[in-house]
Amino acid sequence: MKEFLAKFQIMGIQESWCLESSHPPPSLPGYDAFVIPATKTHLYGRPSGGLVTFVLQELQLNISPIFWLESNYIQTLHITNSSLGEFICVNLYNPSTYSSSHSNQLWEDLRFILDKSGAEFPKSEILIMGDFNARIGADISLFTDKSQLFIEEEWFPTWNSHDKTINRAGIILLEFTINCGLHSLHGTPKDWSGGYYTFLGSRGASVIDYIWSSSAFNDEAYCFNVFNRTESDHLPIAISFHHTQLGPPSSPHLQDSLTLAPGRKKWDIYLEQDIKVLLNSPEILALKAQLLTMNVNHFSIFQQILAYLLPSLTKPSHAILTWKNQTWFDQECKQCRSRLRFLQSDMKSDSTQSKIRELAQFRSYYKKLLQHKKLLFVKERWTALSVAIKTRDDKKFWNLINAGLRLPSFIVNNITAASWHSHFAQLYSAPDSDVNVVTTLPASALPTWEPVSPERCTQLISMLSGEKSPGEDMIPPEVFLSNQSWWAPILASLFTTINATLKIPPNWKQSIVIPIHKKGDPQDPRNYRPISLLDISYKVYSRFLLEKLIEWAEETKLFHPEQAGFRKGHSTSGQCLVLLTLIDKYLNRFNCKLHAAFVDLTSAFDSIPRDRLWQKLSYTNIDKRLLLLLMEIHNDISARVKFGPLGALSDSFPLNKGVKQGCLLAPFLFNFYINDIVTTMKALNQSAPSLQQLKIPILLYADDMVILSLTKLGLNNTLRGLMTYCDTNSLKINFAKTKILTFGTKTRKSLWNFEGHSIEYCSAFKYLGIIFQHGLSWSAHLNTTILAAHRTIKALEKFYYAKGGQLVPPIRKAFISKVLPMLLYGVEIWGWNLKTLQRLEILQNSFARKVLGLPKGSVAAQLRTELGLPSIVARAHIRIISFYCKLINAPGSLLARQAFLTCSQSNKWSKAMVTITARYSLPDLDSLSSWDKHKIRAWILTRDEAMDRAQSTSARLSMWLPKVKVVRSLANYLIDLTEPNLRRAFTMARFHSIPTAFLQGIYSKTPITQRLCPCTMNEVEDFIHFFFYCPIYEPIRSKLLLLIPSTITSKEDCLKSLLVDANPQISRGVAIFIVQALKLRATLTG
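Quick note: the sequence shown, position 639, residue 639 per the UniProt record's numbering, numbers continuous.
Don't read these hints as lab results, they were simulated from the structure. Hints are supplied without guarantee of correctness; some may be wrong.
Derived DMTMM-like pairs (lysine to aspartate or glutamate); straight-line CA-CA distance at most 25 Å [stated by the list, open to error]:
(1) K737 / D521
(2) K509 / D521
(3) K266 / E332
(4) K642 / D393
(5) K519 / D606
(6) K908 / E979
(7) K813 / E979
(8) K288 / E450
(9) K518 / D636
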């Protein structure tokens, strides 16, 4: 054996089973030994783990053990040598019998070591060897199916492992190595064809031992072997390297020429304080004073200020993939655990009273510490979920909900930087211009603008949204929001200079494009939607220009009323009301059909030619200084694609057409560009429907377009005119997504041939988030909404029980923020029928019952009272009344108001409105028009709460809750009792659902006199008996009685005082009594 070992220069041994007390320690002549002792977890049996790394002394390596983590399963050495260079050697053992949480901790520790190594030893290479107990089979589809990860062909050209199985550890291992940019040295380099078995056990052979490295080691490896040694179940594996200097690390995802975008630090109170200190440093204050003077280069000084802030806001690119240690058991817990074990061991030799007392006190402290850490960790998870909901980041929301115990995964594609560059450069390439636009005007021809005031800039900064991604300058919005008064004079001076010189800072012309995968092949760039990130300072300035554009548009009545997209006072609900009113008018009153073509434009915002846009603007009376600034903003702009897990940046490519994506000005400019389409459609469509004597051939919400006609011929002519308009204005109709729906007639799915294109007929279409059906039924919309909401509720409940610590306040908040908007979207249009709303009410009641852990017979009104949730019906009616009161006071030119006036004349609408107002004792709609939305909400919620109170009082079950709670609000104990078993026990008491004979008799319809307690008293087991008389619970009742004030004598009043939830200590004491009582009862009844 010694002769065999002498062949190797560096050896890693796992499961040495050598304890710290072993004598002598592991050694080998001519080798330095670095030992991590095994652990003895049981009195009998072998130890667990144990790591030894032997290094040949002749190599004369400088070796430093690294103790960043207290782990018995990972050994880390920092090795340097003039010939071998610098590398980190990791020896690892992953036990196969430990829990998944322990395995997760090991992977997180390993990732911490890699990230820490990259930060402290940036030039070092990585070599990882060990017993991973991870099986990676030959069929790569097993891996991609389970992990949703895509493997680059050039990275793993073949996958010929002799193993046939892939287990959970194998998925995590392969996913981990891909995320970290590691290479497998198992098999000949870059090839798995030599992947022989490494473990021969009683149940068969497998491959569970591996060697992984960074790319430079991979390039230097030339020979791999699995030796047939039978001293152990594990066969030794060996890799041979050339003795050459190792170069700096590289990633298999990146070419050497690519640059990495810096990572962004998470904004918190500590970073905010650091930025405040930095902004008031002498260097930045000197730059600020210099910028506020007139004869300086404002752009250059502004960039210098941002450059001072950049190091504090970013982190090195190699740290982008660093994830937070996803465990609550942190270093403090480990230290306390070690201390507890020491005290336990010490007490064996010295069991004095003081030692016993010290151990008991420390064990109590340790238990409380673990509970506190768990609670903090759970609250952090809920906070992250709340942020995802607030920012409408569905991807992040579902990642948090579905995040299992394994490491996070992401899509890895092999799209190169050149492919991204070529795709987007072609997408944004402009056709040859056929129009001439005046790009310069004499200063005397331009109107004079007043200097921008700091007060105005403060208002503009306050309109920013936090938690948004920054642009290329990496300055997040929080930097401006948390220091508004500091930035206001700087931005005022900068904006005044821009307005005067008509020059834009060069950095504002560069954006970052993030490709977001939609669907289809992830290796095809066409299946990605580009999202542009712009500098926050530019967003502030663009809002300044936008307000000038809006002011001009309102003064000149620029836009047609048919265009409602991104306009103040307009909404998707208003536009849907217009469409609904037209459908209802011609279907029910005139018994005819209404033909609608829902037209989709291909990349509408990115397609418009700018020269034609500027030409259209120049024909108006727009402020010429404003026009030239708009042109300058879009002149010579470019972008870079940020892609891959490490945030690689492609080369810059020009953006030669389309409005500036991600810019606040883009929707206004697009609306203006297609504004003349309304005039064109009116001239072509003589059979257009009308509303208040106004012909409406088209409805627009930005690029969402509906062509309307009372005849097929009129629709055909209008579509032909639309095609001509699009050809003239360089727009393109997407016929695959364009649909035709005939209201009034159920049409089979078929194709309509139009000018050589096929357009699909359909019986339902989702317009602005609401599904319209041919017969004005809302069943399809309701079914789709309920299905989506049900899926989200189930996911929240799963998160609540599995990872959310069963904390009621955060899941209630998540339900209100995430689920209710889904249920109530567009309710002003379709929510007139009470039965329709009651279908949604069932979802909320089911959610409340599951969260509180109550049986199906629980009264819905009482569930809402306990959680402080208004009924869905009341919420819907608040929206409906507020919406129509808003339309009463809207300008007469608003199409939605004209639609309201039309539909208010129908008997169907009038009856529905009378029903709603009568339900809540509201005055008529004309009187309500003077109420604001807050007054309407308060009035309806008060009446709704009174109705719930009446239902609670008359309920057969939960008879105690109406006696102890009359106000609908989140109960205090649901906040104070964070232990799930205590909280649920107190909930059962308040809802009279403790499993006593009395409750069981209600369900089995047993006479009251026969609902006897299992004790010897032969009495009915009601609540009074359970709490005060039953001898079963006599041993634990003394503490409960101490909670009752001495002035109360009636047992019913005593029970009320216990369940009223006025004192958190009393509520906790009652909950503890119930938990203990149920355990005693279970012991007695078997």
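Results of checking the hints against the structure:
1. With a CA separation close to 19 Å, the supplied pair K737 and D521 stays within the 25 Å bound.
2. Proximity of K509 to D521 is assessed by CA-CA distance (about 32 Å); at most 25 Å being required, the pair is judged violated.
3. For the given pair, K266 sits about 23 Å from E332 by alpha-carbon distance, which is consistent with the 25 Å threshold.
4. In summary, the hint linking K642 to D393 is supported, as the alpha carbons are separated by about 19 Å, within the 25 Å threshold.
5. A hinted pair counts as satisfied when its Cα atoms are at most 25 Å apart, and K519 with D606 qualifies at roughly 20 Å.
6. Pair hint K908 plus E979 does not hold up; C-alpha atoms about 52 Å apart against a cutoff of 25 Å.
7. Between K813 and E979, the direct Cα distance comes to roughly 19 Å. Compliance with the 25 Å bound is thereby established for this hinted pair.
8. In summary, the hint linking K288 to E450 is supported, as the alpha carbons are separated by about 22 Å, within the 25 Å threshold.
9. Straight-line distance between C-alpha atoms of K518 and D636 comes to about 29 Å, which puts the hinted pair past the 25 Å bound.
Hint compliance for this structure: hints 2, 6, 9 are broken, all remaining hints hold.
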